[in-house]
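Protein chains in written order, with the numbering used here: chain A, 1 to 280; chain B, 281 to 756.
It cannot be assumed that every hint is accurate.
To be verified - Sample of chain A residues facing chain B (criterion: CB under 7 Å; computed from the structure):
no.	residue
1	Gly42
2	Val78
3	Phe263
Since the hints were made in silico from the structure, they are not lab data.
All residues carry an ideal CB built from backbone N, CA and C; glycine is no exception.
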Amino acid sequence: MYQIVSKKELNPTVIQMEIFAPLVAKKALAGQFVILRVDEDGERIPLTVAGYDRERGNVTVIFQTVGGTTMRLQQKKVGEYIADFTGPLGNPTHTQGFKKVCVVGGGVGCAIALPVARALCEQGAEVTSIIGFRNKDLVILEEEFKACSKNFYMMTDDGSYGREGNVCLPLRELLEGGEQFDEVITIGPLIMMKFVCMETKKYGVKTIASMNPIMIDGTGMCGCCRLTVGGEMKFACVDGPEFNGHEIDFDEAITRTRAYADFEKRERESACNLFKKEVR
Amino acid sequence: MPSKFNMQPLKNPMPTQDPNVRRANFNEVALGYTPEQAIDEAKRCIRCKNRPCVAGCPVKVKIPEFIAKVAEGDFEGAYQIIAEDSSLPAVCGRVCPQEKQCESVCTRGIKAGCESVGIGRLERFVADWHNKHTKNPATPAPFNGHKVAVIGSGPAGLACAGDLVKMGYGVTIFEALHVAGGVLVYGIPEFRLPKTIVQKEVQNLKDLGVKIETNVVVGRTITIEELKTEFGFEAVFIGSGAGLPRFMNIPGENLNGVYSANEFLTRSNLMKAYEADSRTPIQRGKRVAVVGGGNVAMDAARAAKRLGAEVHIIYRRGEAELPARKEEIEHAKEEGILFDFLTNPTRILGTETNDPRDPAYGWVRGIECVRMELGEADESGRRSPKEIAGSAFILPVDCVIMSLGTSPNPLLKMTTAGLQTLRRGEIAVDETGKTSIEGVYCGGDAATGAATVIKAMGAGRIAAKAIDEYVQSKSK
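With these hints in hand, go ahead and build the complete structure from the sequences.
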């Protein structure tokens with residue numbers, strides 16, 4: 001059992017939680033993920049590490065309440081416990097030896113992009129952050145990004161905050177303007193990462209994308225998280241979760257995330273019904 | 281006065297659930313002998329002098345002795361004899377390939393038309409009897425002051441931990457998943473090995489003093505080096521198994537509806553996706569192709585059948601070459617699994633829609649196969665299959681389960697400097713399980729590649745002995 005030590009709503013659907021898991025906290029690095037189960041009969045879901053406090057033994061996760069499991073997790077209060085919390089899994093982000101890096105985050109993916117941006121900044125890289133959201137209400141972690149970025153670009157799809165448009169817009173302008181990044185790191189919705197990678201490919205800028213496919217065990221056992229990268233089958237859990245974005249078959253990855261769409265819809269509905277009842 | 285031996289040529293049949301009933305439920309198929317059936321079967325053993333069965337057993341269970349106790353009706357006495365050599369009798373009695381081991385050499389089975397003694401069935405009976413009737417938990421041996429870490433709680437790890445704790449070692453098992461049992465819980469289905477039996481075996485070890493830490497992925501959460509230096513374990517046993525699934529590298533393997541057998545079974549067994557209210561989804565295909573002919577393929581096929589599908593097993597060789605246990609093949613046939621022998625997949629076909637927004641986009645619609653014929657025997661003696669030209673055909677299916685074997689998990693190799701491995705990622709060991717790192721031992725599928733529960737258990741026990749010798753020699 002793993003205790004929830006803090007909980008904060010970053011926006012109406014995005015929650016930040018700190019979980020007491022000292023062994024995981026001791027090892028976690030930016031780019032890695034954990035697998036958790038909310039309760040005894042729960043499913044296993046992967047969440048990327050959003051932060052860690054090695055001294056207190058806490059690991060921070062940030063999640064969007066998109067399905068039954070994340071809604072159940074959202075219901076948990078500070079002081080309560082979740083059944084399982086395993087990690088850190090996957091390979092950490094390579095953050096050393098860069099001079100100039102651009103971090104491109106989208107939506108809740110920004111929660112994962114932030115520790116990467118921080119780690120890069122701490123290693124002495126000049127960080128340009130471009131983060132995008134659907135609208136003003138969904139914006140998270142703005143100040144935190146500003147604190148570790150030399151250049152910062154805020155985008156919203158509807159223009160209700162920052163600049164209107166998607167993250168590719170400032171990225172394209174920067175690249176067109178001759179900005180030389182050692183690397184672009186992108187974390188967010190698959191479709192966004194796909195377009196970021198298409199953009200950077202034109203300029204031959206090395207790009208890393210952080211993948212978050214459906215997983216069960218997270219240790220290489222089931223093969224559920226397989227992707228095609230450079231024409232080869234890769235397992236996101238042990239070979240990734242980060243890959244060369246120019247080699248990822250994003251269309252296949254997008255299709256694979258929809259494998260259980262019907263089931264997930266039913267789960268979400270049943271969780272909604274359940275919690276509405278409790279609220280009343 | 282009953283005669284001393286029962287000279288019936290055939291085994292007492294195993295009572296089983298009716299195939300028409302069981303193919304729609306996940307309850308155990310074989311129901312086990314009654315005490316009367318067990319005694320009757322035990323009397324078929326004629327206590328021959330050369331005891332070939334013992335030599336046929338990977339852990340050398342004293343088979344004639346335990347069977348003699350069963351014949352006398354002393355079932356607890358029989359259990360104690362088995363327990364001297366086997367750590368998991370209730371498991372092995374169910375999943376061992378006895379027809380290739382002890383029973384294959386039984387004197388009673390030599391003559392044509394005769395069957396061996398039902399050794400596996402008797403072992404299962406004895407273990408179940410013990411588990412049902414023995415209420416006193418085992419008492420821990422006094423701690424000898426030495427700590428050993430065991431990585432993985434599958435058959436190898438459980439057996440190694442069991443032996444070491446009985447010698448007085450402080451044993452901690454580190455398990456990556458949220459529940460102990462390894463392949464016994466994620467791989468082998470409920471209908472073949474009920475999970476309550478695995479839990480019982482795990483509880484027995486806990487009663488003996490074994491600590492089990494779930495949710496610890498050694499290599500990631502803790503390294504082997506830290507186990508030795510920071511956590512004070514004097515030796516480490518690696519029983520991490522062979523979990524990495526293989527695929528065929530044919531087009532279409534990443535379509536939705538294509539599973540590795542590991543994934544399909546993990547969803548079904550570990551995550552209980554077969555239950556109506558499970559939070560973990562699984563595809564309930566209408567027509568499923570299972571590619572492969574091993575025990576895992578049979579398990580996956582029979583699980584898919586229970587989820588409501590018409591199931592085809594596609595195997596590139598013939599029926600005689602099927603590597604699965606005979607009993608599993610028979611059970612599968614009884615349940616209506618269809619076998620497409622001498623057939624090999626060449627690609628998996630996706631739905632015809634090109635519109636990614638169409639919910640049907642990216643799903644399996646069929647599997648293209650070619651017919652095969654068996655050629656000359658190769659060096660290994662197996663006749664290798666050859667494609668028959670122009671024989672391609674399409675089997676329409678909505679789900680494909682790839683059951684082509686597994687490789688050792690690469691995580692420890694990736695994260696442990698100095699740990700030598702072989703060509704396919706197997707951890708290199710000597711005959712005692714010693715690896716290239718001092719104080720680190722390994723056994724089971726992690727060292728051999730995918731094999732059997734009993735072989736893993738045997739390797740765990742050999743390593744336990746070697747670990748004991750190592751620790752004792754060091755502390756002198």
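Now the hints, each set against the structure:
1. Gly42: holds, 5 Å
2. Val78: violated, 21 Å
3. Phe263: holds, 4 Å
Hint check: a violation occurs at hint 2 only; the rest are consistent with the structure.
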